[in-house]
Amino acid sequence: MRKIKLSVALGSLLVLMSFVLMSFTQDKKPWDVPAKYQSMKNPQAADDAEMLKVGKMAYSRHCKSCHGNIGQGNGPKARSIEADLGDFTTAEFQAQKDGVIYYQSFVGRDEMPNFEKKIIDDEDRWAIVTYLRTLKK
Amino acid sequence: MYAQEEEAQPEKKVDKPVRSPWESGTLVNHQTSVTQYKNTLEMVISHRFGTIDNGISDVFGIMAPGANIRIGFNYSILDNVSVGFGTNSQKQYQDFQAKYTPFQQTRENTIPVSLTVYGNAAIDGRPDEVFGINYAFADRMSYFTEVIVGRKVNDWLSVQASANFTHYNAVDSIMDNDKLGIGFGGRVKFSPQSSLTLEVGVPLEISSLSQHTSFTNHPKPHFSIGYEVSTSTHAFQIFLTNGLGILPQELYMYNLSEFDSKSIRFGFNITRLWNF
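Protein chains in written order, with this note's numbering: chain A, 1 to 137; chain B, 1001 to 1276.
Since the hints were made in silico from the structure, they are not lab data. Among the hints, a few may not be true.
[Said to hold, decoys possible] Within a straight-line C-alpha distance of at most 27 Å, the following computed DSSO-like cross-link-like pairs (lysine-lysine) qualify: (1) Lys136(A) x Lys41(A); (2) Lys1038(B) x Lys117(A); (3) Lys1038(B) x Lys56(A).
[Said to hold, decoys possible] Derived, one-sided and incomplete: chain B residues facing chain A with beta-carbon distance under 10 Å: (4) Lys1016; (5) Ser1020; (6) Tyr1037; (7) His1047; (8) Asp1155; (9) Pro1192; (10) Gln1193; (11) Thr1231; (12) Thr1233; (13) Ser1261; (14) Ser1263; (15) Leu1273; (16) Asn1275; (17) Phe1276.
[Said to hold, decoys possible] Label-pair ranges, simulated between beta-carbon atoms: (18) His1218(B) x Lys77(A): 46 to 54 Å; (19) Lys5(A) x Phe1073(B): 22 to 30 Å; (20) Glu1108(B) x Ile70(A): 28 to 36 Å; (21) Ala49(A) x Ala1098(B): 34 to 42 Å; (22) Pro30(A) x Leu1157(B): 40 to 48 Å; (23) Glu111(A) x Asp1128(B): 51 to 59 Å; (24) Leu1157(B) x Gly73(A): 28 to 36 Å; (25) Lys97(A) x Phe1073(B): 35 to 43 Å.
Here a beta-carbon is modelled for each residue, glycine too, at the ideal position from N, C-alpha and C.
Working from the sequences, and respecting the hints, build out all of it.
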């Protein structure tokens, strides 16, 4: 009886510890982006000055507080966020398709909010994507 | 047999409303043409401190008694229609309001200005005795209606002008029940999230509309200058103003403060949005 109790206690402790240890790792799980978004393409030109201006304003208002000035995930609210905020300046981020960035930005997941009801105009959403492309180092 | 080829119609570009003519629906004490998207709940907290003339002894009015606060909620039932309720410490006003923007300024200037109609009804919540001997509930009521014309001139400048009408069911015998007024407001945006704000409300002395032969204690214009910063979910306005009132009818009918060093005070408005 004592042996079973001990093994149950040890087992529980191990499970508990694994949860505790997991909380220290950065949540960098891959995104599951639906096909509809995978095939989306940004209709705006990369150098569209008007859209870049709109995108930059919208980024300042909606995104900067978490993602930081140039998208390196170092905004003032970043410290309180468990998930990995990504780094928009990296080649890895920029290599993603337009539609994937669109999905990540506006549908979001977990601590990344859904912005579909806040940024309703599709042109404004693509303007943000156009601006994000300029953050490439 | 040839199929009739339809001439390709050039895609008609829909002229959309200008983006963010104002950071929020309020410009200190006035309304703007901005209404949040449908199904947005907006909480508005407004605070007017005591006057600054006591200096550091009451931290320029911030710790003074006699501050005025309002807590209100607005809900957008349509993209351009919102309804709201607020509760005030001053006179324990309970107010109900609605705002409708029938047309908004568009990007290609097919509509050059925004037109907004705003109205509220407020119940003065103080004890019956305040209203005199022949008290009736209707004595508590006041109403305010306003038509606002606004224009986003360019990326950094927005302006608006308004004409408004105030009515109090019960006023002191030397006062008029009604007051016409005009208002002006502006926003100068100097960074993506920050602006300088200005507004003024002028109650008009129109003798031909007065119930009396001369004006006694005619209300003074209220004027505010301030700073506004906005984020995805909040707008913060901090300003200097002369009027203690938050409800526009209170300012247009009863403000006796000048905009001078004895009578100005700090105030703030904070709005917070929830999208459903």
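Verification of the supplied hints:
1. Lys136(A) x Lys41(A): Distance ~18 Å between Lys136(A) and Lys41(A) Cα, so the pair holds.
2. Lys1038(B) x Lys117(A): holds (9 Å)
3. Lys1038(B) x Lys56(A): holds (25 Å)
4. Lys1016: The hint holds - Lys1016(B) has a Cβ within 10 Å of chain A, the shortest such distance being about 7 Å.
5. Ser1020: Holds, because the Cβ-Cβ distance from Ser1020(B) to chain A comes to roughly 8 Å (cut-off 10 Å).
6. Tyr1037: Holds - the Cβ of Tyr1037(B) comes within 10 Å of chain A, reaching about 6 Å at its closest.
7. His1047: violated (24 Å)
8. Asp1155: holds (8 Å)
9. Pro1192: Pro1192(B) check passes; min Cβ-Cβ to chain A is 4 Å, inside 10 Å.
10. Gln1193: This hint holds: Gln1193(B) lies near chain A, its Cβ roughly 6 Å from the closest one there, short of 10 Å.
11. Thr1231: With a closest approach of 6 Å, the Thr1231(B) hint holds.
12. Thr1233: holds (8 Å)
13. Ser1261: violated (36 Å)
14. Ser1263: Hint on Ser1263(B): violated, closest Cβ of chain A at ~35 Å, above 10 Å.
15. Leu1273: holds (8 Å)
16. Asn1275: With a minimum Cβ separation of about 4 Å from chain A (threshold 10 Å), the hint on Asn1275(B) holds.
17. Phe1276: Since the shortest Cβ distance to chain A is 7 Å, the answer is holds.
18. His1218(B) x Lys77(A): 46 to 54 Å: The hint (46 to 54 Å, Cβ to Cβ) holds, given that His1218(B) and Lys77(A) are roughly 49 Å apart.
19. Lys5(A) x Phe1073(B): 22 to 30 Å: At roughly 56 Å between Cβ atoms, Phe1073(B) and Lys5(A) fall outside 22 to 30 Å, so the hint is violated.
20. Glu1108(B) x Ile70(A): 28 to 36 Å: The hint (28 to 36 Å, Cβ to Cβ) holds, given that Glu1108(B) and Ile70(A) are roughly 32 Å apart.
21. Ala49(A) x Ala1098(B): 34 to 42 Å: Roughly 40 Å apart at Cβ, these two residues keep to the hinted range, so it holds.
22. Pro30(A) x Leu1157(B): 40 to 48 Å: At 46 Å between Cβs, range holds.
23. Glu111(A) x Asp1128(B): 51 to 59 Å: holds (53 Å)
24. Leu1157(B) x Gly73(A): 28 to 36 Å: holds (34 Å)
25. Lys97(A) x Phe1073(B): 35 to 43 Å: Cβ of Lys97(A) to Cβ of Phe1073(B): about 41 Å, so the range 35 to 43 Å holds.
In summary, the structure is inconsistent with hints 7, 13, 14, 19 from the numbered list given earlier, while agreeing with the others.
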